[in-house]
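Trainee: Sequence:
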Amino acid sequence: MTSDFYPESSNQVFIALGSNLENPLSQVRRGMLLLAGLEHSRLIKRSSLYRTAPIGNIDQPDFINAVVQMETSLTPHHLLDALLEIECTCGRVRTFPNAPRILDLDILLFGNLQHCDTKLVLPHPRMHERAFVLQPLLEIAVDCVIPGRGPAVACLTACMEQPLEYIASS
2 MTSDFYPESS NQVFIALGSN LENPLSQVRR GMLLLAGLEH SRLIKRSSLY RTAPIGNIDQ
62 PDFINAVVQM ETSLTPHHLL DALLEIECTC GRVRTFPNAP RILDLDILLF GNLQHCDTKL
122 VLPHPRMHER AFVLQPLLEI AVDCVIPGRG PAVACLTACM EQPLEYIASS
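In my numbering, the protein residues as written are 2 to 171.
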């Protein structure tokens, strides 16, 4: 039997939030509130909110994006399950990759863990390529290092051509 949390330890995690449907600003803020209430976890910091153009399927509304820092004693897979449950609670329906969505929650970093299986890849496999992840991440964790990639600030420098608009504090 596996435990769904680490009772004696806490891990620092960073989670990306994004929405481009049904009042995205409110959806991201609602996502933050639901994350703050997650069992065996504590919300530490919230980034500002940013507007970004969609990636891939560009014929859809712009996204509102943010990142939160949390501490959790959940295992990585149980945290992922909790995030999927929050998405479902908010009305997310998965249709096709890069589809419009009410709320998207992605684990970016789980401590310094590097992990890959059919359900979860850590760090997030494309975070180092996305200004809409890196800018809010660096806002709340200026010295962040992405395991296997290096300083997040160097990754952001490499994708500065991606437009990103500050919207509001969270």
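Simulated from the structure, these hints should not be mistaken for laboratory data.
Keep in mind it's a predicted model, so treat the numbers as computed, not measured.
Hints may contain errors.
[To be verified] Pairwise CB distance ranges, derived in the manner of DEER restraints:
1. Q163 to E40: 34 to 40 angstroms
2. D144 to T96: 25 to 31 angstroms
3. G38 to Q163: 29 to 35 angstroms
4. K46 to R150: 33 to 39 angstroms
5. S170 to P98: 28 to 34 angstroms
6. T119 to V154: 30 to 36 angstroms
7. G38 to E140: 18 to 24 angstroms
8. T119 to G149: 17 to 23 angstroms
9. K120 to V94: 26 to 32 angstroms
C-beta: ideal position from N, C-alpha, C; glycine also.
Trainee: None of the hints should be skipped; say for each whether it holds.
Mentor: Do the hints match the structure? See the list:
1. Look at Q163 against E40: about 35 angstroms separates their beta carbons, and that is inside 34 to 40 angstroms.
2. Remark: the range hint 25 to 31 angstroms for D144 to T96 is contradicted by a beta-carbon distance near 38 angstroms.
3. In this structure the supplied range 29 to 35 angstroms holds for G38 paired with Q163, their Cβ-Cβ distance being about 32 angstroms.
4. The supplied range of 33 to 39 angstroms is broken by K46 and R150, whose beta-carbon atoms lie about 21 angstroms from each other.
5. With their beta carbons about 31 angstroms apart, S170 and P98 fall inside the hinted range of 28 to 34 angstroms.
6. Judged by the Cβ atoms, the range 30 to 36 angstroms given for T119 and V154 holds: they are separated by roughly 32 angstroms.
7. With their beta carbons about 23 angstroms apart, G38 and E140 fall inside the hinted range of 18 to 24 angstroms.
8. A hinted range of 17 to 23 angstroms for the beta carbons of T119 and G149 is consistent with their spacing of about 19 angstroms.
9. Between K120 and V94 the CB atoms are about 19 angstroms apart, so this pair departs from the stated range of 26 to 32 angstroms.
The structure is inconsistent with the numbered hints 2, 4 and 9, although it conforms to all the rest.
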